[in-house]
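Chain order of the listed sequences is A and B. Going by the UniProt record's numbering, the residue at position 7 of the first sequence is 7; the numbering climbs one at a time, nothing skipped. Going by the UniProt record's numbering, the residue at position 213 of the second sequence is 213; the numbering climbs one at a time, nothing skipped.
Note that these hints are calculated values from the structure, not bench results. There may be inaccurate statements among the hints.
Just so you know, same-sequence chains aren't split out, so a pair can sit in one copy or run between any two.
Derived DSBU-like pairs: lysine-lysine, alpha-carbon spacing no greater than 35 Å straight-line [claimed, not checked]:
(1) Lys2 / Lys162
(2) Lys28 / Lys317
(3) Lys317 / Lys105
(4) Lys28 / Lys248
(5) Lys117 / Lys28
(6) Lys247 / Lys2
(7) Lys327 / Lys53
(8) Lys384 / Lys165
(9) Lys85 / Lys165
(10) Lys377 / Lys28
(11) Lys165 / Lys175
(12) Lys248 / Lys2
(13) Lys247 / Lys28
(14) Lys231 / Lys247
(15) Lys28 / Lys327
(16) Lys231 / Lys165
(17) Lys85 / Lys2
(18) Lys180 / Lys248
(19) Lys117 / Lys162
(20) Lys185 / Lys175
(21) Lys317 / Lys248
(22) Lys377 / Lys180
(23) Lys37 / Lys248
(24) Lys384 / Lys28
Only a predicted model underlies this, so the values are computations on that prediction, with no experimental measurement involved.
This is what each chain is made of:
Protein chains: 2
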Amino acid sequence: MKVAIMGYGTIGSGVAEILEVNRDVVAKRCGEPLELKYVLDLRDFEGDPIADKIVHDYKTIVEDPEVAIVVETMGGVEPAYTFVKAMLEAGKHVTTSNKALVADKGAELIEIARNHKVNFLFEASVGGGIPIIRPLTSCLTGDVIEEITGIVNGTTNYMMSKMTKEGLEFDDVLKDAQAKGYAEKDPTADIEGHDACRKIAILTSLVCGRQVDYEDIPTEGISHITATDIKYANKMGRAIKLLATSKKVGDSYVARVAPFLLSPEHPLYNVHDVFNAIFVHGNMLGDGMFYGSGAGKLPTASAVVGDMVAIAKHIDKNIYLEWEKEKLVLADPNEQVNRFFVRSAASEAEIENIFGQVEFVESGLDDEIGFVTEAMKESDYATKAAALGEVRQMIRLV
Amino acid sequence: MKVAIMGYGTIGSGVAEILEVNRDVVAKRCGEPLELKYVLDLRDFEGDPIADKIVHDYKTIVEDPEVAIVVETMGGVEPAYTFVKAMLEAGKHVTTSNKALVADKGAELIEIARNHKVNFLFEASVGGGIPIIRPLTSCLTGDVIEEITGIVNGTTNYMMSKMTKEGLEFDDVLKDAQAKGYAEKDPTADIEGHDACRKIAILTSLVCGRQVDYEDIPTEGISHITATDIKYANKMGRAIKLLATSKKVGDSYVARVAPFLLSPEHPLYNVHDVFNAIFVHGNMLGDGMFYGSGAGKLPTASAVVGDMVAIAKHIDKNIYLEWEKEKLVLADPNEQVNRFFVRSAASEAEIENIFGQVEFVESGLDDEIGFVTEAMKESDYATKAAALGEVRQMIRLV
Numbered sequence: 001m002k003v004a005i006m007g008y009g010t011i012g013s014g015v016a017e018i019l020e021v022n023r024d025v026v027a028k029r030c031g032e033p034l035e036l037k038y039v040l041d042l043r044d045f046e047g048d049p050i051a052d053k054i055v056h057d058y059k060t061i062v063e064d065p066e067v068a069i070v071v072e073t074m075g076g077v078e079p080a081y082t083f084v085k086a087m088l089e090a091g092k093h094v095t096t097s098n099k100a101l102v103a104d105k106g107a108e109l110i111e112i113a114r115n116h117k118v119n120f121l122f123e124a125s126v127g128g129g130i131p132i133i134r135p136l137t138s139c140l141t142g143d144v145i146e147e148i149t150g151i152v153n154g155t156t157n158y159m160m161s162k163m164t165k166e167g168l169e170f171d172d173v174l175k176d177a178q179a180k181g182y183a184e185k186d187p188t189a190d191i192e193g194h195d196a197c198r199k200i201a202i203l204t205s206l207v208c209g210r211q212v213d214y215e216d217i218p219t220e221g222i223s224h225i226t227a228t229d230i231k232y233a234n235k236m237g238r239a240i241k242l243l244a245t246s247k248k249v250g251d252s253y254v255a256r257v258a259p260f261l262l263s264p265e266h267p268l269y270n271v272h273d274v275f276n277a278i279f280v281h282g283n284m285l286g287d288g289m290f291y292g293s294g295a296g297k298l299p300t301a302s303a304v305v306g307d308m309v310a311i312a313k314h315i316d317k318n319i320y321l322e323w324e325k326e327k328l329v330l331a332d333p334n335e336q337v338n339r340f341f342v343r344s345a346a347s348e349a350e351i352e353n354i355f356g357q358v359e360f361v362e363s364g365l366d367d368e369i370g371f372v373t374e375a376m377k378e379s380d381y382a383t384k385a386a387a388l389g390e391v392r393q394m395i396r397l398v
Numbered sequence: 001m002k003v004a005i006m007g008y009g010t011i012g013s014g015v016a017e018i019l020e021v022n023r024d025v026v027a028k029r030c031g032e033p034l035e036l037k038y039v040l041d042l043r044d045f046e047g048d049p050i051a052d053k054i055v056h057d058y059k060t061i062v063e064d065p066e067v068a069i070v071v072e073t074m075g076g077v078e079p080a081y082t083f084v085k086a087m088l089e090a091g092k093h094v095t096t097s098n099k100a101l102v103a104d105k106g107a108e109l110i111e112i113a114r115n116h117k118v119n120f121l122f123e124a125s126v127g128g129g130i131p132i133i134r135p136l137t138s139c140l141t142g143d144v145i146e147e148i149t150g151i152v153n154g155t156t157n158y159m160m161s162k163m164t165k166e167g168l169e170f171d172d173v174l175k176d177a178q179a180k181g182y183a184e185k186d187p188t189a190d191i192e193g194h195d196a197c198r199k200i201a202i203l204t205s206l207v208c209g210r211q212v213d214y215e216d217i218p219t220e221g222i223s224h225i226t227a228t229d230i231k232y233a234n235k236m237g238r239a240i241k242l243l244a245t246s247k248k249v250g251d252s253y254v255a256r257v258a259p260f261l262l263s264p265e266h267p268l269y270n271v272h273d274v275f276n277a278i279f280v281h282g283n284m285l286g287d288g289m290f291y292g293s294g295a296g297k298l299p300t301a302s303a304v305v306g307d308m309v310a311i312a313k314h315i316d317k318n319i320y321l322e323w324e325k326e327k328l329v330l331a332d333p334n335e336q337v338n339r340f341f342v343r344s345a346a347s348e349a350e351i352e353n354i355f356g357q358v359e360f361v362e363s364g365l366d367d368e369i370g371f372v373t374e375a376m377k378e379s380d381y382a383t384k385a386a387a388l389g390e391v392r393q394m395i396r397l398v
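Next comes chain A alone, as it looks inside the complex (with noise of 0.2 Å):
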């Protein structure tokens, strides 16, 4: 069976290594060996194993009818749209580990393959190697999925774990990051939660079926977290990490990308550095999770893998996804309700005068008082801090 890599960056060349070195056990499970017949880049990688299967041009990969499988790990939504959608016209199987071209043109992507009777996976867009999305779509298929909560982004979650341990603050820690190669150059969709909600988005639409757009999800990132913030969350024994959450209420769904202060009981609260987990909570299942290296070469590779072994035993067979392109119009989340940390200059008694009955944590700092809330709605929340004014920070209690 012969495959192509459109994309040979870090998971393309990635997925090229696993095909060499597990080459056996990928052919015994796919019942033929795959063969690596084309590798679409811009250049020319001389000296590279893969130098001679590289091509320029797209078309070449769609008018060779011997190619059965094609890999998308170009990232980013254009050209991967174009070059994806003309492979399933031409009758290929593709998988992706592109989030952006998936959180935006999924639906669409999934009817073109349907059409053609081909597969159109992309296990690999969230959580990197974490089995996720086909657990949610062909395992967790007996439950109505009232919740999934995930740490989805490695970079982010190793900086937390980094300013968590080390007492260090946020540029610091991004410096180190990049240095590690954590994070990119401009890590502004990491850090800014971007990433994150286009994650979270997708495995939204997996689980009610239609349409969720990004655009409609509140998304905080983590570039306003300081050292203080650390200090007043190691005071009340929790920690900070950056959640990407979707709620079932009513017949839709309310999602969220925040920071969050995380209670040692939560399932999610022992991920650190650069792990992701996503935490499901079905109507018959009860609690979930799945763990594991949400990022890096090899790990996203193996998942690219992973769908190619499926496409493989279903060759002839379109795998049925629910994801509609009518779009889910998701709840409000000015009335999801919270608990809210706050940072304020105001005094106790102003604090108390407008919110009620608080709970103050100690700070040691001279010139501001930390406090949580009560559980309230967003909008109540909202108002509230309004009128107190002297708002330097707020994070969520989950």
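Guided by the hints, dock chain B onto chain A, whose structure is given.
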């Protein structure tokens, strides 16, 4: 699509409940409703909503061409094996929660299913509601799985958690577990590790693609663990848990079921009470873990219904599962290298004379000494322990 349930006990009635409660989502995911037509049981269940579906002869189901999917939740090898075989041979798909059946007859039933172009699935047989079988067989297929280590028995994990939390003795905790319905009247299969042994045999068979006989796996339970052991564990900052583990050695695996002393860094350290979790290490994935409700009516039934949906989506196709009848000769467990915690009435001098350098653990007891050995082969430990003579307890470290 008509379905039947064989065995209307805890799990079987849970399956019927989910088919009713989650009827709409299940129908949507299957493409059509699943209609329960028969329930096979020796009893009559008068007054139960399924009373009119009760049949006493499995041949009624075998001979009804309308029935496409059969659920086996009877437990035990016979008559489950005879019934399941007949169903598969009659062209009906089967899903089971029965680990005894799968461990004993899995390879054969998979082959029969393949020959009759139907599916024999058993997600519920390991880890209850936790997706683990399908992630191993359809997600982590790009990997060579180098280790699977699980807490796969909720009863014993509950008991060890309770002994740890409350300092109680084994017999008292067993009575409590029986009173709560977590342990059976005859708890042997759980507390002596037989249940965990069958489960690790199943998981090992699936990752190596060959038959692993559970009789070949050295198995110790937890009935010899005492409150004194727990005190030592606390001193060491470790937790005692019953693990079922399988590690790749050359072209084979070495497997064991036994209580282990886990360090806080171990991914399974935080798995408490009746929860189960399975840690997996792949040569490309690195570390992964699957956590959730490992037993109980609805979580286990959730996995069965997930299988039913998978079957409905593959009603015309056998999903290839690699588990051949040819037996895998497991690697010699006596060659395995471990560190051993030992309680002994011997003197420090005698201990050091035989074991060389050890770490002594402060016991607070007058009549014995606790110590941890260096890493050594099981066979070497056995020789030294025999020479020492006075061994009251041995628990491996991990």
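For each hint, the structure was consulted:
1. In the homo-oligomer, the alpha carbons of lysine 2 and lysine 162 never lie at most 35 Å apart, since the shortest distance is 44 Å inside one protomer and 55 Å across protomers.
2. In the homo-oligomer, the alpha carbons of lysine 28 and lysine 317 lie at most 35 Å apart both inside one protomer (20 Å) and across protomers (19 Å), since each shortest distance falls under that limit.
3. In this assembly of identical chains, lysine 317 and lysine 105 lie within 35 Å of each other by CA distance both inside one copy and across copies; the values are 21 Å within and 29 Å between.
4. Only between protomers do lysine 28 and lysine 248 lie at most 35 Å apart by alpha-carbon distance; the minimum there is 18 Å, versus 41 Å within a single protomer.
5. Taking the closest pair of Cα atoms, lysine 117 and lysine 28 come within 35 Å of each other both inside a single copy (24 Å) and across two copies (20 Å).
6. Taking the shortest alpha-carbon separations for lysine 247 and lysine 2, only the inter-copy value of 33 Å comes in at or below 35 Å, while the best intra-copy value is 42 Å.
7. For the homomeric pair lysine 327 and lysine 53, neither the shortest alpha-carbon distance inside one copy (41 Å) nor that between copies (40 Å) is at most 35 Å.
8. When the C-alpha separation of lysine 384 and lysine 165 is checked against a cutoff of 35 Å, the pair qualifies only within one copy, where the shortest distance is 33 Å, while the shortest distance between copies is 42 Å.
9. For a Cα distance limit of 35 Å, the shortest separation of lysine 85 from lysine 165 qualifies neither inside one copy, at 45 Å, nor across copies, at 57 Å.
10. In this assembly of identical chains, the alpha carbons of lysine 377 and lysine 28 lie at most 35 Å apart only when taken from different copies (33 Å versus 55 Å within one copy).
11. Taking the shortest Cα distances, lysine 165 and lysine 175 sit within 35 Å of each other inside one copy (16 Å), while across copies they are farther apart (42 Å).
12. Taking the shortest Cα distances, lysine 248 and lysine 2 sit within 35 Å of each other only across copies (30 Å), while inside one copy they are farther apart (42 Å).
13. Proximity of lysine 247 to lysine 28 under the C-alpha cut-off of 35 Å is restricted to the inter-copy arrangement: shortest distance 20 Å between copies versus 40 Å within a copy.
14. With identical chains, the CA atoms of lysine 231 and lysine 247 are at most 35 Å apart within one copy only, with a shortest distance of 29 Å there and 42 Å across copies.
15. Within a single copy, lysine 28 and lysine 327 get their C-alpha atoms only as close as 41 Å, which misses the 35 Å cut-off; across copies the closest is 17 Å, which meets it.
16. Both within a single protomer and between protomers do lysine 231 and lysine 165 lie at most 35 Å apart by alpha-carbon distance, with minima of 11 Å and 29 Å respectively.
17. In this assembly of identical chains, lysine 85 and lysine 2 lie within 35 Å of each other by CA distance solely inside one copy; the values are 19 Å within and 38 Å between copies.
18. When the C-alpha separation of lysine 180 and lysine 248 is checked against a cutoff of 35 Å, the pair qualifies only between copies, where the shortest distance is 31 Å, while the shortest distance within a copy is 38 Å.
19. Neither within a single protomer nor between protomers do lysine 117 and lysine 162 lie at most 35 Å apart by alpha-carbon distance, with minima of 47 Å and 53 Å respectively.
20. In this assembly of identical chains, the alpha carbons of lysine 185 and lysine 175 lie at most 35 Å apart only when taken from the same copy (9 Å versus 59 Å across copies).
21. In this homomeric assembly, lysine 317 and lysine 248 come within 35 Å of each other (Cα to Cα) both inside a single copy, at 32 Å, and across copies, at 34 Å.
22. Taking CA atoms no more than 35 Å apart as the test, lysine 377 paired with lysine 180 passes in neither setting, with 40 Å inside one copy and 38 Å between copies.
23. With identical chains, the CA atoms of lysine 37 and lysine 248 are at most 35 Å apart between copies only, with a shortest distance of 32 Å across copies and 45 Å within one.
24. Taking the closest pair of Cα atoms, lysine 384 and lysine 28 never come within 35 Å of each other, the shortest separation being 62 Å inside a single copy and 44 Å across copies.
In this structure, the hints that do not hold are numbers 1, 7, 9, 19, 22, 24, in rising order.
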